[in-house]
Structures are given as C-alpha cells and as structure tokens.
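So the protein sequences, as listed, match chains A and B. Start counting the first sequence at 1; every next residue gets the next number (our numbering). Start counting the second sequence at 1; every next residue gets the next number (our numbering).
Hints are computed from structural coordinates only; laboratory data are not their basis. Any given hint could be a false lead.
[What the hints assert, rightly or not] Using 25 Å as the maximum straight-line C-alpha spacing, the simulated BS3-like pairs for lysine-lysine come out as follows:
(1) A:Lys38 to A:Lys54
(2) A:Lys261 to A:Lys234
(3) A:Lys261 to B:Lys140
(4) A:Lys336 to A:Lys381
(5) B:Lys126 to B:Lys169
(6) B:Lys140 to A:Lys336
(7) A:Lys399 to A:Lys320
(8) B:Lys140 to A:Lys11
These numbers were taken from a predicted model, which means no experiment stands behind them.
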Amino acid sequence: MTEQIVNNSVKPLTQWVNLQQPLAFDDYCQAGGYQGAKVALLQHQPNEVLEIVKNSGLKGRGGAGFPTGMKWSFVPMFDDDDEDAPDNKYLVANADEMEPGTFKDRLLLEGAPHQLIEAMIIAAYTIGANKAYIFLRGEYHLAAQRLQQAIDEAYENNWLGKNIQATQFCLDLYVHSSAGRYICGEETALINALEGKRANPRAKPPFPQVSGLFGKPTIVNNVETLCNLPHILKNGIAWFQGIAPNSDAGSKIYGACGRVKTPGLWELPMGATLREVLYQHAGGMQEGLQFRGLLPGGASTDFLVAEHLDTPMDYDSIAKVGSRLGTGGLIVLDDKNCPVAMVLNLLRFFAQESCGWCTPCRDGTPWAVEVLARIEHGQGKIADLDTLAKLCDFMWIGKTHCALAPGAVEPLRSALKYFHDDFLQHIEHGCCHYNPASVAKRTQVSQSHTNQSVAANPTMAGQSYE
Amino acid sequence: METIDILTMDYQHYLTATEIAAIEHEASIMETREAAGIEALKVVQEHRGWVSDESLFAISDLLAVPVAQLEGVATFYNLIYRQPVGQHVIHLCDSIACHLTGLDSVLSAIKEYLNIDYGQTTGDGKFTLLSNACLGSCDKAPAMMIGTAHYQHLTAESAVELLQQLASKGELDD
Ligand SMILES: Cc1cc2nc3c(=O)[nH]c(=O)nc-3n(C[C@H](O)[C@H](O)[C@H](O)COP(=O)(O)O)c2cc1C
Ligand code: SF4
Ligand code: FES
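In isolation and in its complexed conformation, chain B is listed as follows (with noise of 0.2 Å):
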C-alpha cells in the first residue's frame, strides 16, 4: 500500500484558475500576502458557497499563512460558512430594535414554516436559518438579510411570504 507524505502534499490544484486569480488580484493590493487571507476566504465561498477543509488547505498554501492561523479567521465570523449551508442564508436580526419591534413572531413563524431552528438547514438544502448582530436597519425593525438582499419591517406573514417566493422561484424580486 502507499502512503502519502501530508505535509508536501500540494493543496493549490483545489482552487480553479479563477479563485486563484481574484485571490491573487486581493493580495497585490495588500502589503503582505497574510493580509488577503479574509478576502480569499470569501473568493472561495462565493464561488463554492462554503469553505471546506480542503480549501481551507489551498488558501494556507497559495498564501502561505499558517492553517491554524487562516482556521482562527475563518471561524471568527458569522459571514464565513465553515459548513454547507443551504441555496439561501437567511440572516435574521437578533439585536435589540428588531426584539422590540416583533423579532419573537417572526421567527417563531419562519422556524414553523421552515421546521428548522437557528443553525440549521432544511432537508430539501433551500433554507439555512442563521442569526446575525444588528444589520443597520433599526428603524426599519424587524430585519434580515438573505444573500445581498436585505428585508426590513417585516412580519410573520411578509417574511414567510418572502420565502414562500424564493422556494418557489429560487429567486427575489427586489
């Protein structure tokens, strides 16, 4: 049987010329390679729509920035998906204007029609559900992002409506 030698294995064929490429455009702007390493993490995830362990290793080596270290980014933010997540990322607000304003109904309403509860994906792999930190719509409360696209004032019905649409779609229309 052969063994494979991990620690020369060459990771960088995991990533397609076009990731290498806009990884490579980020860290001509930065001063040190190191610094792209938030950027390629998104690069990857836009294009795979999460960051595996894999391409966790090919970032590690194309910018030679300790696994460990690219680990410690990655986990650190909401926006970086370590795990598949679903077609669509719903990001509702949790944060304190959308509480006072009906955040509880809300999503009481989307778990019940999505029969999910935070951090989950539907079965279908449409819906992940996902809380997110005040999303700079307070006066416009209750919030969520899905995607680019955010959603402000809604309720138990507009938001179920919203997915009800993009379930049957795939899509929004703005």
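Okay, chain A solo, but in the shape it has when bound (with noise of 0.2 Å):
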C-alpha cells in the first residue's frame, strides 16, 4: 500500500482512494495528507495561494472547464478592518453529481474523504470563507456517512473549527445532502437549493462570486476540481504542469460505461486519446459488438465517431472536432443498440430533469421527445427531422434560462448527424430495424403519448397504429 502510494505520483487524485475502508485522519496524514493544506495556511497569504492557484493552469472539471484561479479572482476581497466587508462569504463544493454516464465524484468522495476536506480548506482560506458546504446529491448515502466522519475527525484534529493549525482562519464545513433533481448541480440553482428554495437557476449576473448564497461572495467547484489543491499546493506548479503533455495541466479522472469489456474509472495525465480510454483501459467493445460512437463526457455533451478516436481528451482538442470534455465520462454507443432509442433516453432524461422555468426547455424537452418516440416507434416523418432540428434551434445557448437545454441539444443534434442514416430507416421502414419484434409493444406502452400527437397532426391522421 505504501509503496504504491510513492510510485504513484502521476495519480495524485486516486493515489489515496480506498473504497473499502477510506484513510481515516492518522492514516491520511502519514500517507502524506493535510500536507498541502500546511503549505496554504503557514507558509502563504490567501492571495498568494491564489496567485499558485491561478498559474497552476487548473481548470474547473464539472463540465465547463472555467479555470479555476480566475473564478476565484472575482471574489472580492477586503481587509480586516473595512466596514464594507460582508460577515462571510462561502465556499460550496459541488458533490451533485447526476449527469447520467459521470461517476467520478463518487470515487472521490467515497473513497478519498479527507482529501475533498483539505481541499476546502485550502479554498476557502483563500477565498476568505469561514463556512462551507459539500452539496451532496441525496442517494450518495456512503459518502455522507463517511464525509461526516472525516469531517469529524478534522474537528477533532483542529482542521476545522476556530483557529486552524493556530492560525487566524476559522472554518465551519457541513454536508448537505440533496433530494434528487439534476438542476441543483447548476451552480446557482444550487445556491437557491440550499437556501430552502425551489431549486430554479437563478439569473447572471450578478454572478455567485459578488452575490451568491444568502447574498454574499460564493465560490461552487466542482468535487474533482478541487481536490486537486492539495498537490497543487504541496507539490508546486512545475510538477503539475509536467503531468500532462498537453497545454491543460494535472491529471483527470476518465471513465466509461455502456457495453465495453471494462468500465471503470482510470485517472490519467490531461490529454490521453478518446482511443486510449476505449480501447486500452475500457478494453474496447464487449464480444460480438462494433463500436458505433461515443459521449465523451456525459449526457450533456455531442457524439463523436470513429473518425475523432486519436483526439486528446483535453479541453481544446474536444472542443476543436465539435463536442465537449464535460465531465471525461465516455458513453459508449455499441452497433446493437439503436442510437435513435439511445438520444430518446438522453432527452427523455432532460425533459424530466427540466425546471420549467423557461419556455424553450420546459416545452421544448417534451416535444423533442415526443417526436423522437414516434420516430424510435415507427411512426415518425420525414418533416420530423425538421422538427427536431428546429427544436435544437430554439433551444440553444443564450435563448434559455440555464445550460441544461443546450446540454440537451448537444446530443440530439449530433445524432442528427452522425446517424441521420438511423433515423432515416426508422422513418422509411416504420420500425426500429435494431428491435423491430419490441415495436408493436413499445407502441403500445406509448399509445396515450402518441394518439395525442397524431390528433393534432392533420397530415397524420387517418393512418392505423394499433
């Protein structure tokens, strides 16, 4: 165990995470733990760390990939005396983890608890927040019973509470654990959750850095985000910078799922190919499968195909062949399941994990549904394809209220593309040609849904569907 732990620098996430039994407090320090969270609070100021932060190149892994010393820089800050000061400002970690294919967090939060809780220490120190939250979604029920022990065990060692390590800084860390509802992942309907309310995003700005939970400064990261700060911290921006090849820096945790020999979790240096994920750590595709095409990181973001397989896993080289990072999990499409079936799954997804706040994504994620079960069942059109492209339209960036109806988009109009063919056949031969014996079932599960539809379809009406 111990030897492992030395060897392996270049897993600085996972080289502590044990899901059986996770480092109690004296284990984690010996293991090299709290380290990095010394370094922070004896030998910086907060705006020192951030500067280490900042020049890290350390960009945010809960989708988006914000760099994270920028997101802390609009904190403001205030001297001790300054009257304008609010009496506090908040830290949150972002443990909502719902995006369907990511399950990275998990790993971390119950594998590695301690880690997340030096983490925050350490950003919270340098964002000046004396109370913090691990927003928790609610069926992670062993990490919130191990997290509280970790946090307990810091209490009792003086990593929390009053004066830290006998320094100035105080620090108050709670889990909070969620319900279950996707939107609260968003960062401010987060916020909104956890003051009591309906958890609908809020409008930006002002942005949760100036006004944020209970009005004041708020800082959300993202759980793997930030438990990279303590090995940032103890081990120096060089040796971040060196673990990936690449422009981005440090390690990132890539997973897959769907039909592949192996799924897992592997952390690797930022940058490593969608090929080398597939095929040497996930094994390739199970016996008697081909591949057909991938999600590279969750729900949320576009498919690519076998053309992308040599791009990088790193936050350009995604963005470049037309898809995002996301979250690194890979959703792997085999050729004998129906893509049309597989983006039905995903929208039927969003259209329940809506917040109906807005119009675009509150209708829009239904009916995109709608359209793609008649489709998926044999009874879609032509004009269909036109629906669902208009719908990708209506629904993207700047025209709803929050990212989740774009990150909806992102997988149906990829599909669009890359299996047009699919959802030709479909149309053409009136069934699914991957199931065609489940079709007459699957219309009749479906019959309230699609006699709607039909009734208020002229060009549809007078056909059968029983």
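Quick one: dock chain against chain with the hints and give me the complex.
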C-alpha cells in the first residue's frame, strides 16, 4: 500500500482512494495528507495561494472547464477593518453528480473523503470563506456517512473549527444531502436549493462570486477540481503542469460505460486520447459488438465517432472536433443498440429534469421526446427531422435561462448528423431495425402519447397505429 | 355546530418532540430557518415514510415558511414522497448506461413480478416502484437503489431474487 502511494505520483487524485475503507485521519496524514493545507495556511497569504492556483493552469472539472484561479479572483477581498466587508463568504463543493454517465466524484467522495476536506480548507482560506458546504446528491448515502466521519475527525484534529492549526483562520464545514434533482448541480440552482427555495437557476449577473449564497460572495467548485488543490500546494506548479503533455495541466479522471469490456474509471494525464481510454483502459467493445460512437463527457456532450478516436481528451482538442470534454466520462454506443433509442433516453432524462422555469426548455424537451418516440416506434415522418433540428435551434445557448437545455441539444443535434441514416431507416421502414420485435409492444406502452400527437397532426390522420 | 378558524390553527402538535428537535438542529446550522426546509421534510419522511399535508403544514408553521414555498420544494425532489409509499421504495435507474446494458429486461421482470408499473405500490403495501436518474453506478449498470442500499450489475433474475428476499425477510443482506 505505502509503496504504491510513493510510486503513484502521476495519479495524485486517486492515489489515496480506498473504496473498502477510506484512510482515517492518522493514516491520511501519514500518507502525506494535510501537507498541502499546511503549505497554504502556514507559508502563504491567501493572495499568494490564489496566484499559485491561477498559475497552475487548473481548470474546472465540473463540465465547463473554467480556469479555477480566475473564477476565484472575482471574489471581492477585504481588509480586516473594512466596513464594507460582508459578514461571511461561502465555499460550496458541488457533489451533486447527476449527469448520466458520470460517476467520478463518487470515487473521490467515498474513497478519499479527507482529500476533499483538505482541498476545501485551502479553497476557503484563499477566498476568505468561514463556512463551507458539501452539496451532495441525496442518493450517495455512503459518501454522506464517510464525509461526516472525516469531518468529525478533522474537527477533532483542529483542521476545522476555530483557529485552524493555530492560525487566525476559522472554518465550519457541513454536508448538505440533496433529494434528487439534476438541476441542483447548476451552481445558481444549487444556491437556491441550499437556501431552502425551489431550485430554479438564478439570472446572472450578479454572479455568485459577488452575490451568491444568502447574498454573499460564493464559490462553487466541482469535487474533482477541488481535490487537485492539496497536490498543487504540496508539489508545486511545475510538477502539476508536468503531469500533462499538453496545454491543460494535471490529471483527469476519465471513465467509460456502456457495453465495453471493462467499464470503470482511470486517472490519466490530461489529454489521453479517446482511443486510449476506450481500448486500453475500457478494453474495447464487448464480444460480438462494434463501436458506433460515444459521448465524451456525460449526457450533455455531442456524439463523436470513429474518425475522432485519436483526439486527445483535453478541453481544446475535444472542442475542436465539435464536442466538449464535459466530465470526461465516455458513454459508448455499440452497433446493436439503437442510436435513436439512445437519444430518446437522453432527452427523456432532460425533459424530466427540466426545472420548468423557461419556455424553450420546459416545452422543447418534452416535444423532442415526443417526436423521437414517434420515430423510434416506427411512426415518424421526414418532417420530424426538421422539427428536431428546429428544436435544437430553439433551445440553444442564449435562448434558455440556463445551460440544461443547450446540454440536451448537444447529443440530439450530433445524433441527427452522425446517425442520419438510422433516423431515415426508422422513418422509411416504419420500425426500429435494431429491435423490430419490440415495436408493437412499445407502441402499446406509448399509445396515449402517440394518439395525442397524431390527433394534433392532420397529415398523420387516417393512419392506424393499433 | 362549532367552526374552526383554519388560519389560526396550530399545526406544530402534529410533529413529535424528536422530529422537532431534529429539525431545530438543522435550523440552527443554517443562516435562515427557511433553509432547513428540505432537511425538515427529510426528517419527517424518515419517521413517517412520506410527507402528508398535515406534516407539510406543520413544518411550514415551525419554520415560518409559506406552505406554497415548502410545497414547491417538496414536489420538486424525487426523493421526497408526497404520497404514501410501500415499505420498500425501489428506485430503478432509467438513465443511459443502464438503458444500454439491459434496463428493459430488468424493468419488465420487476414489473411482472410485482405486477405494478412505475409510480404504483403493490397491493400488500410492500413495494413501490419508481424510476431514478443516473445513480452513479454506470460502470456497474444496470443499477437500482432501495432505501440506502445500491444494487448493481442487475439482471432480470438477480433483480427479482433481491425482491423475493426482501419480501420474505423484510430486509436485505448487503
Ligand atoms: C444542468 C446542470 C447540471 C450541472 N450539474 C453539475 C454537477 O452535478 N456537478 C458539478 O460539479 N457541476 C455541475 N454543473 C456545472 C456547475 O454549474 C458549475 O459550472 C460547476 O460546479 C463549477 O465547478 P468547476 O468550476 O470546478 O468546474 C451543472 C451545470 C448544469 C447547467
Ligand atoms: S433551461 Fe431548463 S432547466 Fe434551465 S432554467 Fe430553463 S427550464 Fe429550467
Ligand atoms: S446510468 Fe444508470 S447508474 Fe448511471
């Protein structure tokens, strides 16, 4: 165990992960834990830590890839005697992880809770927050229990509470377990949820960095983003940048799910290619299956196909081929699963999780589901493809209140592009050619659904769907 | 006949002392009493299995949050039940990784065994079946959650076996 830790320097985030029994406080310290926090609190002023994080090149791992240091720099800083100083600022770890196909934060939460706590101490110290929350999705019960235990240990050892390690810095940390709603992961919705309100996203500006939780400056960071901090502080910027061969610094926890041989998670230097992750780590497709395509970073990213497999999984490279790195979790489609059914499943998720605040998303996502269901069940028509394309446009960036709807558009619009033939075949042959036997059954299930849309559509009248 | 003025009715006596203590503890951590709303709903649900209208009014009273706002919160979340549920609530993941790896057959097997659809409770009150967004077990899909326990790598057979075990013993070995 110990040897492994020493040799594992390129896997900073997962070297201390133990899912069976996470390291207790003493073991975590012995392994090298809380040293990063020591460097921050005992050797640096907050603004110096900010410079280190800025210069490290760390980017947010929550999906958008925004530079972490820059995000922090928007938080107003005050002198001790400043009358305008707010009575508090807040740090929130975003552990809501509900993006389908994403399960990386769970590994860090369940496997190395002290690492996140140490990270949050560093982040809170830097922005001057005295209160922090871990916003945890309600389904992660084991994580809640383990985090609370680690928090208790941190309090006992003066890493939380008053005058941490005999400095002036005080920090209280709480776990807030949510109750199951994807939109709570959006940072302004998350803030509303924490305030006890219905979790609709807020308008920006004001940005949370200036006016967030309870109207106070607030930073929301992803769990994986935060977990990099202890290592950056302990080992330095050069070390962090040296991990990755390209412009994006550090490591990344990549994942793969779907019908691959060995689904799972792997911490690799930022910029491993899709092919490496899919074939070397996930073992390629299961026996008898061919690769069709993948979503590179969770449900709300655009499909990529075989021609893209040599793309490095860093923010810029994936963006160049028309998708997003997102959360770095591959969702892999094989040749015996129907792409239309896959997109239908994805859009159903977005329709269900739409918070209903703005019209394009509230009406657009269920509409897309309805049209996709019609096509999948063999009752689509060519004009449906235009409708879907139009919906993609209606729900694109700038036309909705938050990024959920554009996220829903990404797999849809790219599927229309890469799996156009599949859509056409469904429409032309009036069935799903992946699963012809199931059409009758499925039609029955969605009868009320289809009847409605048929009735509302004169061109379809007269056709029978019994 | 006597009439009751609803507006002045005090609902707090609907909550037990234990529940009130747990809710007050949550309220003491948060900046505002309103912010403890979701925790309060969870506390009540933990004790009673679901959140009734009376419980909702009582929490609203205790935390001084408008009922409408609290109801907006309660109905927003998947894990707050505003209707009575069975002894075991099955949260079956219906998101993409589970879909790609055999959700359909697991779902049909469960539906057939329990003879209920999503959103329904069995006649004997033992099981309620709900769908759930991705449970974070995508590499071990298909997956479901019952209570606080997560079950992975499901097949039609293993899922039904689990439910049989639950039905007979009332609890599961992890
Ligand atoms: C609908 C929606 C859901 C989101 N869910 C999550 C989530 O579960 N976890 C997360 O870290 N970020 C999520 N985000 C992104 C957050 O809004 C935010 O960008 C992120 O937490 C910032 O952290 P980072 O800068 O460390 O990446 C979501 C965004 C949207 C629009
Ligand atoms: S885009 Fe969807 S989730 Fe976001 S605010 Fe609008 S309705 Fe809500
Ligand atoms: S999609 Fe089912 S657990 Fe993630």
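Here's how the hints hold up against the structure:
1. A:Lys38 to A:Lys54: Holds - the C-alpha atoms of A:Lys54 and A:Lys38 are around 19 Å apart, at most 25 Å.
2. A:Lys261 to A:Lys234: Since the Cα atoms of A:Lys261 and A:Lys234 sit roughly 37 Å apart, the hinted pair is violated (cutoff 25 Å).
3. A:Lys261 to B:Lys140: OK: A:Lys261 and B:Lys140 at ~12 Å, within 25 Å.
4. A:Lys336 to A:Lys381: holds, 23 Å
5. B:Lys126 to B:Lys169: holds, 11 Å
6. B:Lys140 to A:Lys336: Roughly 19 Å separates the two Cα atoms, so the pair holds.
7. A:Lys399 to A:Lys320: With Cα atoms ~23 Å apart, A:Lys399 and A:Lys320 stay inside 25 Å; holds.
8. B:Lys140 to A:Lys11: Since the Cα atoms of B:Lys140 and A:Lys11 sit roughly 23 Å apart, the hinted pair holds (cutoff 25 Å).
Comparing the model with each earlier hint shows a violation of hint 2 alone; every other hint is respected.
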